[in-house]
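> Following the hints, complete the assembly by docking chain B onto the known chain A.
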Amino acid sequence: MTPTPTGRYGASLTIFRTLLALYPKDFRARFAAQMCEDFHDLLRSNASRGPCRGRLTSWQRTVADLIRSIPRERFRGRPLRRAYPPSHNKRRGDGWMRAIVYDLRYAVRGLLKSPGFSIVAVLTLALGIGANTAIFTLVNQVLLRPLPYDTPEGIVALWQHNTRDGEPRNTIAPATLLAWEERNAVFASLAAYYADRTTHAVDGEVPEWISIGMVMPRFFQVLRATPLLGRDFHPEERQRGNHRVAILSFDFWNQRFGGGESILGKTITLNRLNYEVVGVMPPHVDFPRDVALWRPIVVDEEDFSNWGAHYFRAIARLAPGVTVDQARADMERIAANLAVEHPMSNAGWGVTLSPLHADMVQHVRPALLLLQGAVFVVLLIACVNVANLQLARGRARQGEIAVRTALGAGRRRIARLLLTESVLLSLIGGTVGLVVSRAGIDAILTFAPPDVLPAGSIPLDLTILAFTLLVAGTTGVISGLTPALQSSKTDLSLALRETGTRTTGPGRRLREGLVILEISLTLVLLIGGGLLINSFIRLVNVDPGVNPDQTLTMRVSIPASKYSEPIQRASFFQQLHAAMGELPGVQSVGLASALPVTGIPGYWRNTFYRPESPPATPDDRVKSQLRWVGPGYF
Amino acid sequence: MVITKRDRPHMAPLTAAVFHILLALSDGPLHGYAIMKAVDEAAGPALRMGPGTIYGSIQRMEAAGLVTEAGSAKGGKRRLFDLTALGRQALTEESARLARLSDLVRTKGLAPREA
Chain A
1 MTPTPTGRYG ASLTIFRTLL ALYPKDFRAR FAAQMCEDFH DLLRSNASRG
51 PCRGRLTSWQ RTVADLIRSI PRERFRGRPL RRAYPPSHNK RRGDGWMRAI
101 VYDLRYAVRG LLKSPGFSIV AVLTLALGIG ANTAIFTLVN QVLLRPLPYD
151 TPEGIVALWQ HNTRDGEPRN TIAPATLLAW EERNAVFASL AAYYADRTTH
201 AVDGEVPEWI SIGMVMPRFF QVLRATPLLG RDFHPEERQR GNHRVAILSF
251 DFWNQRFGGG ESILGKTITL NRLNYEVVGV MPPHVDFPRD VALWRPIVVD
301 EEDFSNWGAH YFRAIARLAP GVTVDQARAD MERIAANLAV EHPMSNAGWG
351 VTLSPLHADM VQHVRPALLL LQGAVFVVLL IACVNVANLQ LARGRARQGE
401 IAVRTALGAG RRRIARLLLT ESVLLSLIGG TVGLVVSRAG IDAILTFAPP
451 DVLPAGSIPL DLTILAFTLL VAGTTGVISG LTPALQSSKT DLSLALRETG
501 TRTTGPGRRL REGLVILEIS LTLVLLIGGG LLINSFIRLV NVDPGVNPDQ
551 TLTMRVSIPA SKYSEPIQRA SFFQQLHAAM GELPGVQSVG LASALPVTGI
601 PGYWRNTFYR PESPPATPDD RVKSQLRWVG PGYF
Chain B
1001 MVITKRDRPH MAPLTAAVFH ILLALSDGPL HGYAIMKAVD EAAGPALRMG
1051 PGTIYGSIQR MEAAGLVTEA GSAKGGKRRL FDLTALGRQA LTEESARLAR
1101 LSDLVRTKGL APREA
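First to last, the protein sequences are chains A and B.
Residue 345 in our numbering sits at position 345 of the first sequence, with consecutive numbering throughout.
Residue 1056 in our numbering sits at position 56 of the second sequence, with consecutive numbering throughout.
Isolated chain B, as found in the complex:
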């Protein structure tokens, strides 16, 4: 896949799936099922990804230079995926954007009050 200007990471916002996969991999290399579990924990029922979505996204993120395959775990059974430097940068930029947005919402008094 050709990386177009459209797909460059600083062109945030990212899709929810891509952001959560990047977030899951920020702690270190994981295999597909572990990514699925990590996203489940982080995003809750709002974003339920299955294997098809995970690997489809990983394939495109790999082509965009955001993630890379990082060998195998447990004697070659599961393939691991890791963040690239570009991926980490995209995650940082998207996180900053979301943080700004969150601050803005809070300043305007639009965020739900915390109990």
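One chain only, chain A, in its complex shape:
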């Protein structure tokens, strides 16, 4: 007869009875009822401590017992005789395995014995390892992982290089692009593109802003991307009249159209114009980043004679056997020829050509590598810190180590025991660090600009796990080696007799050395961090010449299809200006083509000169950015 689970301890007994299922069947058949009785008695005997505390004490003891006894009953009978430490076991094979298990058990016991030290060391290592894992996750995702296209190393990015102003990445003029396409002998395909924004409207819903990739028909051939559904753009779709087609990105197709195959041939409305959906790209095709769909660029013949308006970006696929350097040399040659043929527009313009991946990450690369370096220094500090803690603890354990040495443990054996403890410590630190790193990555991705780092979360993968394991293992060895070697050198006669607190010469010097190293590493980080914060404060304090207090901004874009005539657009903005001025709480309203301190360098840049003193060369013209503003702006 066992206690009924409906009594005062019903819940505890039910849980206990369920846990008994973990014992082997024959063991359960014989002892389950007795064990339930015993557990019930234990609960009752602890009841005097109070209802909660009594249960807690009983469970504490029982759980510890379950953890110890279930594996023992499941996997092996415990010998009645005491087992000797494996160092006495001369057999090879399982002796080696048992030695590791013994070392691990010793390490666990040692760490549990000094919880304060263990917690501080684990947290220190968790921070160091976690920070490294977090930054490495980003480095791996952004810098190391190749682009998800077929032979991605064959894709290059092209820019016009303004050698006079030292701006290597300028958008390309249509005529220049056409010349590159016709004259090059190094590309299998070349395609221009640019990113644009537009409103997408579904009947009866609020229109939304979406990014679109405006692309030349061969764009997807360069990437070697095949549509998941439907087809690629046809060459004739870059001609006006045939251009009302679109290829959707996988995410946009799923989020807005539910991922149905019936989307092909359907019409969607962009800026009040209808476009036919001819294809859907697979999820890995995300270039330019975060576009919802792609549309063909329409370029009229006269556009292709324009050498001055720069607005294209370009990518190209290298022809088989052509290297990046060969391609660069060929393109430089073409640019030099163009400069001779069209000096007014092309003198001083070269070509910047680099692998697409390197081009995409060029802005984040230095920052990420710097961050990785900084967190590496943090990890070093953590290592030194833990090494120091272990040295201090090693001193307190000198007696114990001396007894072990006296009983026949060699120096290597002692060093191995202590090293196992240190590696175990950092593996635990690594596990906690992994949790820390996930939180860190989420925080970084939340605050980072969306075009710099990938959107959404980065899943944990084998590379990251392997990295964490490697870092944790190495950290364990680095932080444990010095203390292990130092402690294994314990002077027997001194340590056994010693009762006071005295630090021996070499040990003290070592610890002082570690403290000096720690302080110098911390100083490096502090100075670096301080300079960064100083730059940030100065940047924030720069006076932009405007007072943004009590000022709100909004962006308006009007569809050219509805407001095709300039007079219609002017009338719209006049009405908008007047209507906004009448809103309660609004003091003044201004219109501008771009907000102060924003905008793309080189965008809408014009040159001017005084008619009475025309410049000798085009270089002498004064360059300026042009912005259109309405009444009330200033």
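Fair warning: there could be bad hints in the mix.
Said to hold, decoys possible - Computed cross-link-like contacts, SDA-like style, restricted to lysine to any residue with a CA-CA straight-line distance of at most 20 angstroms:
id, chain 1, residue 1, chain 2, residue 2
1, B, Lys1077, A, Glu37
2, B, Lys1037, A, Thr57
3, B, Lys1108, A, Ala406
4, B, Lys1037, A, Ala47
5, B, Lys1108, A, Ala402
Stated by the list, open to error - These stretches of chain B come out as covered by chain A in the derived footprint (C-beta under 8 angstroms, 3 or more residues):
id, region
6, 1044-1050
7, 1077-1086
If you are wondering where the hints come from, they were derived from the structure by calculation, not from laboratory data.
Backbone N, C-alpha and C define an ideal beta-carbon position, used for all residues, glycine too.
Structure of chain B alone, referenced to chain A:
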């Protein structure tokens, strides 16, 4: 379980759990919970055994011929366990070994001084 030479009682030292169970049963038959209480009293917090450890040990000690089931107490509710002659012999041998060890430690002046 086959009793091997390894497990014969005169091959002391015994594990702490086995020794304390034998010690608890030396005053007469007890059930599992009573053994647990007796070990608590004798060994203090250094050795906290729960039901899993008690019955696992008893099963192996039974197979080694050290203890035996001795009927039920209180109208068949709890099963009692008792020492066998072999168990008593093992307890005596282990106690003698510990006593020798204790004397040795005392002679060398290594035992903590009693207040």
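> Each hint needs a verdict: does it hold in this structure or not?
Evaluated hints:
1. Distance hint between Lys1077/B and Glu37/A is fulfilled; the C-alpha atoms sit about 9 angstroms from each other, no more than 20 angstroms.
2. Only pairs whose Cα atoms come within 20 angstroms are accepted, and Lys1037/B paired with Thr57/A is accepted, the gap being roughly 15 angstroms.
3. Restraint check for Lys1108/B and Ala406/A: the C-alpha separation of about 15 angstroms stays at or below 20 angstroms, so the hint holds.
4. A distance of roughly 15 angstroms separates the Cα atoms of Lys1037/B and Ala47/A; the hinted pair therefore holds under the 20 angstroms criterion.
5. Among the hinted pairs, Lys1108/B with Ala402/A is consistent with the structure: their alpha-carbon atoms are about 18 angstroms apart, no more than 20 angstroms.
6. Taking a C-beta to C-beta cut-off of 8 angstroms, the region 1044-1050 of chain B contributes 3 residues in contact with chain A, enough for the three needed, and the coverage statement holds.
7. Figure legend: the region 1077-1086 of chain B, annotated as covered by chain A; annotation consistent (3 residues with Cβ-Cβ distances under 8 angstroms, at least 3 required).
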